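> Okay, here's what each chain looks like letter by letter:
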Amino acid sequence: MNAVNIEKLSFSWAGQKPTLDIPAWQVKQGEAVLLRGPSGSGKSTLLSLLAGINTPEQGRLDLFDTAFSSLSGRQRDRYRADNIGYIFQQFNLLPYLSALENALLACQFSKKRRQRLAEQGTSAEATALEMLKRLGLSSEQIQQQAHTLSVGQQQRVAAARALLGAPKLLIADEPTSALDAEHRDTFIQLLLELSSQNNTTVIFVTHDAALSSYFDKHVELNELNQAGAKP
Amino acid sequence: MIRLAMKSLLNRRASVLLTVIAIAVSVTLLLAVERVRDQVQSHFANTVSGTDLIIGARTGQTQLLLSSVFHIGSMTNNMSWESFADISSRPEVSWAVPISLGDSVQGLPVVATTNAYFEHFKYADKQPLEFSQGQPFASDKDVVLGADAAEKLSKALGDDIIIAHGSGGISFSEHDEHPLTVTGVLQRTGTPVDQAVLVTLHSLEMIHSGGAGHDEEHNHNHEHEHNDAHADEHEHHGEAPAESISAALLGLKAKPLALRLQRQINTYDKEPLTALLPGMTLQQLWKTLRVFEQALTAISAMVVLIGLLGMLTIMLASLRERRREMAVLRAVGAGPGTIFGLLLSEALLLTVVGAFSGLLLLYGLQWSLAGVIQSQTGLIFTSSWPSISEWWRIVLVIGAGFMLSLIPAWRAYRQSLADGLTVKI
Numbered sequence: 001m002n003a004v005n006i007e008k009l010s011f012s013w014a015g016q017k018p019t020l021d022i023p024a025w026q027v028k029q030g031e032a033v034l035l036r037g038p039s040g041s042g043k044s045t046l047l048s049l050l051a052g053i054n055t056p057e058q059g060r061l062d063l064f065d066t067a068f069s070s071l072s073g074r075q076r077d078r079y080r081a082d083n084i085g086y087i088f089q090q091f092n093l094l095p096y097l098s099a100l101e102n103a104l105l106a107c108q109f110s111k112k113r114r115q116r117l118a119e120q121g122t123s124a125e126a127t128a129l130e131m132l133k134r135l136g137l138s139s140e141q142i143q144q145q146a147h148t149l150s151v152g153q154q155q156r157v158a159a160a161r162a163l164l165g166a167p168k169l170l171i172a173d174e175p176t177s178a179l180d181a182e183h184r185d186t187f188i189q190l191l192l193e194l195s196s197q198n199n200t201t202v203i204f205v206t207h208d209a210a211l212s213s214y215f216d217k218h219v220e221l222n223e224l225n226q227a228g229a230k231p
Numbered sequence: 001m002i003r004l005a006m007k008s009l010l011n012r013r014a015s016v017l018l019t020v021i022a023i024a025v026s027v028t029l030l031l032a033v034e035r036v037r038d039q040v041q042s043h044f045a046n047t048v049s050g051t052d053l054i055i056g057a058r059t060g061q062t063q064l065l066l067s068s069v070f071h072i073g074s075m076t077n078n079m080s081w082e083s084f085a086d087i088s089s090r091p092e093v094s095w096a097v098p099i100s101l102g103d104s105v106q107g108l109p110v111v112a113t114t115n116a117y118f119e120h121f122k123y124a125d126k127q128p129l130e131f132s133q134g135q136p137f138a139s140d141k142d143v144v145l146g147a148d149a150a151e152k153l154s155k156a157l158g159d160d161i162i163i164a165h166g167s168g169g170i171s172f173s174e175h176d177e178h179p180l181t182v183t184g185v186l187q188r189t190g191t192p193v194d195q196a197v198l199v200t201l202h203s204l205e206m207i208h209s210g211g212a213g214h215d216e217e218h219n220h221n222h223e224h225e226h227n228d229a230h231a232d233e234h235e236h237h238g239e240a241p242a243e244s245i246s247a248a249l250l251g252l253k254a255k256p257l258a259l260r261l262q263r264q265i266n267t268y269d270k271e272p273l274t275a276l277l278p279g280m281t282l283q284q285l286w287k288t289l290r291v292f293e294q295a296l297t298a299i300s301a302m303v304v305l306i307g308l309l310g311m312l313t314i315m316l317a318s319l320r321e322r323r324r325e326m327a328v329l330r331a332v333g334a335g336p337g338t339i340f341g342l343l344l345s346e347a348l349l350l351t352v353v354g355a356f357s358g359l360l361l362l363y364g365l366q367w368s369l370a371g372v373i374q375s376q377t378g379l380i381f382t383s384s385w386p387s388i389s390e391w392w393r394i395v396l397v398i399g400a401g402f403m404l405s406l407i408p409a410w411r412a413y414r415q416s417l418a419d420g421l422t423v424k425i
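Chains U and W are the protein sequences, given in the same order. Following full-length UniProt numbering, the numbering of the first sequence begins with 1 at its first residue and continues without gaps. Following full-length UniProt numbering, the numbering of the second sequence begins with 1 at its first residue and continues without gaps.
Among these hints, one or two may not hold up.
[Unchecked claim] Straight line, CA to CA, 30 angstroms or less: simulated BS3-like cross-link-like pairs of lysine-lysine:
no., chain 1, residue 1, chain 2, residue 2
1, U, Lys168, U, Lys28
2, U, Lys112, W, Lys7
3, W, Lys7, U, Lys111
4, W, Lys7, U, Lys133
5, U, Lys133, U, Lys168
[As the list claims (entries may be wrong)] Here are some of the chain W residues that sit facing chain U, going by a computed Cβ distance under 10 angstroms:
no., residue
6, Lys7
7, Leu10
8, Arg12
9, Arg324
10, Val328
11, Ala331
These aren't lab readings, by the way, just hints derived from the structure by calculation. The model shown is predicted, which means the values in this text are computed figures rather than measured ones. Positions of the beta carbon are idealized from the N, C-alpha and C atoms, including for glycine.
Could you put the whole structure together from the sequences, leaning on the hints where they help?
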């Protein structure tokens with residue numbers, strides 16, 4: 001099954017030239033895909049479509065067996081809460097919550113995620129604690145307010161939050177750009193390890209060519225996106 | 001969501017605290033205006049009870065009421081003893097208490113009257129005056145003190161007291177010849193009686209004749225004219241304890257007679273007099289004061305609005321800084337509706353906490369200032385539960401806060417729709 005299926009998709013921001021025009025793109029379930037795109041290539045737009053914040057003007061975007069692009073805004077929000085993990089470049093956490101509370105945030109918004117954990121015979125909190133420990137946070141750091149953590153630690157908490165409750169799709173938007181090389185490598189290794197355990201499909205956006213060895217597949221957004229190619 | 005809102009607010013505690021304080025103070029003000037009005041009204045209404053008519057020389061009804069019962073302001077004219085004797089001997093009058101005012105001891109009003117005062121004057125719910133020590137007048141040298149007066153003058157039973165003529169509280173040497181003796185102290189009533197120094201009409205007359213106060217001289221001459229005019233009646237009534245009195249409290253055998261007697265007294269042909277029904281005159285007084293009270297309420301409502309606008313300002317200003325927060329919430333699946341609800345519950349929390357802090361502040365102030373207010377104004381503040389109309393005011397404030405918070409909530413909704421997950425700052 002395809003995790004992502006795009007056909008004849010196009011999108012333009014109000015009153016502007018099309019920023020995205022993708023004739024076809026598929027991502028297989030369970031794959032880890034590295035998506036490379038320089039700024040201005042329509043990367044943010046594609047991610048906002050994949051996350052369901054915006055909908056394509058034309059064409060279709062399916063996620064797994066769901067016709068994602070034809071859902072209502074509310075349904076897309078729900079689908080995102082249940083099935084999509086999202087990691088930002090930076091500032092992923094609510095500064096006034098503890099690391100643990102931040103990690104639990106996605107499960108708070110999704111009953112499905114909690115159910116999946118319950119089916120595995122565990123709770124969101126227990127899994128979050130275990131995951132954060134595995135990601136290298138000490139017991140004290142887990143209880144600390146998010147803004148007291150280092151950038152690397154914050155990104156790891158964000159990864160735990162995104163993956164807690166086994167979402168089907170993980171979208172990571174340059175999550176390592178604020179990390180140094182050493183932290184970057186361990187972060188990606190852990191992220192991919194946790195994803196494959198949950199059979200989560202990963203779309204990892206970066207412009208760092210050094211990371212390509214970690215991924216099954218590399219995609220250049222410029223090759224996908226025909227917007228601007230046509231006269 | 002409420003938990004999230006609370007934590008988010010705690011994170012911005014400095015500005016949140018200021019907002020809550022602003023709302024609290026404004027709510028206190030709003031409630032205090034009404035509470036003071038209510039307390040003043042019940043205080044005034046409690047001061048006189050069981051008295052059907054108050055009569056005095058021709059003057060404004062409010063002035064007569066204020067000076068005779070509340071010892072506020074002074075009477076310019078007196079009514080003659082003959083008129084008093086004539087009216088009080090009417091068949092429909094069950095009792096009459098003459099009072100003479102205008103003097104003071106160290107700022108405390110001297111009330112010259114007869115023992116009928118202790119028998120018939122009632123306050124609150126027709127409660128009679130009670131003696132905590134001693135007894136009513138036995139002779140013209142006796143003085144009865146109100147509870148506060150005894151305290152302020154630090155006089156007890158058996159102590160001598162010197163009454164000055166006039167309101168200045170200066171003791172002329174002549175008065176030293178007429179020292180009076182405290183023979184009774186009244187129990188506290190929470191009315192102006194507590195402040196009063198009560199003497200007999202006759203002893204006041206003696207003080208005046210001996211004291212020869214300059215400003216009273218004119219009055220005396222004035223009354224002599226009346227005395228001449230009714231010389232023959234004077235003889236009929238025998239010995240009068242005073243030539244004239246300031247006012248008289250009347251009790252009637254039947255309440256419905258009051259209106260008729262009032263009309264008769266107001267058209268009394270031997271002397272221009274005024275008669276009033278205490279309850280009705282108080283009502284008129286409240287009507288006059290309602291404009292001021294409404295103005296105060298309007299002002300305090302404005303202050304509440306300013307407090308709420310302060311909250312609005314802070315919330316709108318914070319929206320910009322909180323775009324990241326919104327984006328994170330949207331990423332974990334919060335819809336724009338959830339963001340809307342979050343902002344709404346934050347504002348609601350602020351207003352509710354603010355309003356109830358205001359209520360607490362009101363009780364705090366009332367509790368801590370009750371003593372000062374009582375000694376300065378004689379007003380006794382009873383700490384009762386908030387009244388229904390006070391609850392209504394609180395509900396209105398919270399409602400207004402809710403309506404105003406729709407603005408930042410809507411802005412946040414629009415903003416989170418536009419920003420989505422990408423925040424361009």
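> Are the hints correct? Go through all of them and say.
How the hints compare with the structure:
Taking the CA atoms of lysine 168(U) and lysine 28(U), the gap is about 11 angstroms. The hint holds against a cut of 30 angstroms. As the CA atoms of lysine 112(U) and lysine 7(W) are separated by approximately 25 angstroms, the hinted pair is consistent with the 30 angstroms bound. Under the criterion of a C-alpha separation no larger than 30 angstroms, the hint pairing lysine 7(W) with lysine 111(U) is consistent with the structure, at around 22 angstroms. With a CA separation close to 25 angstroms, the supplied pair lysine 7(W) and lysine 133(U) stays within the 30 angstroms bound.
Between lysine 133(U) and lysine 168(U) the CA atoms are separated by roughly 23 angstroms; this keeps the pair inside 30 angstroms, and the hint holds. Contact between lysine 7(W) and chain U, as hinted, is supported at the beta carbon level, the nearest pair being about 5 angstroms apart and thus within 10 angstroms. The interface hint given for leucine 10(W) holds, since its Cβ lies 7 angstroms from the closest Cβ of chain U, which is under the 10 angstroms cut-off. For arginine 12(W), the suggested interface contact is upheld, since its CB lies about 9 angstroms from the closest CB of chain U, less than 10 angstroms.
Interface restraint check: arginine 324(W) against chain U, minimum CB-CB distance 5 angstroms, threshold 10 angstroms, status holds. With a least beta-carbon distance of about 6 angstroms to chain U, the hint placing valine 328(W) at the interface is held under the 10 angstroms criterion. Taking 10 angstroms as the C-beta contact cut-off toward chain U, the hint placing alanine 331(W) at the interface holds, the least distance being around 4 angstroms.
The earlier numbered hints are all upheld by this structure, with none contradicted.
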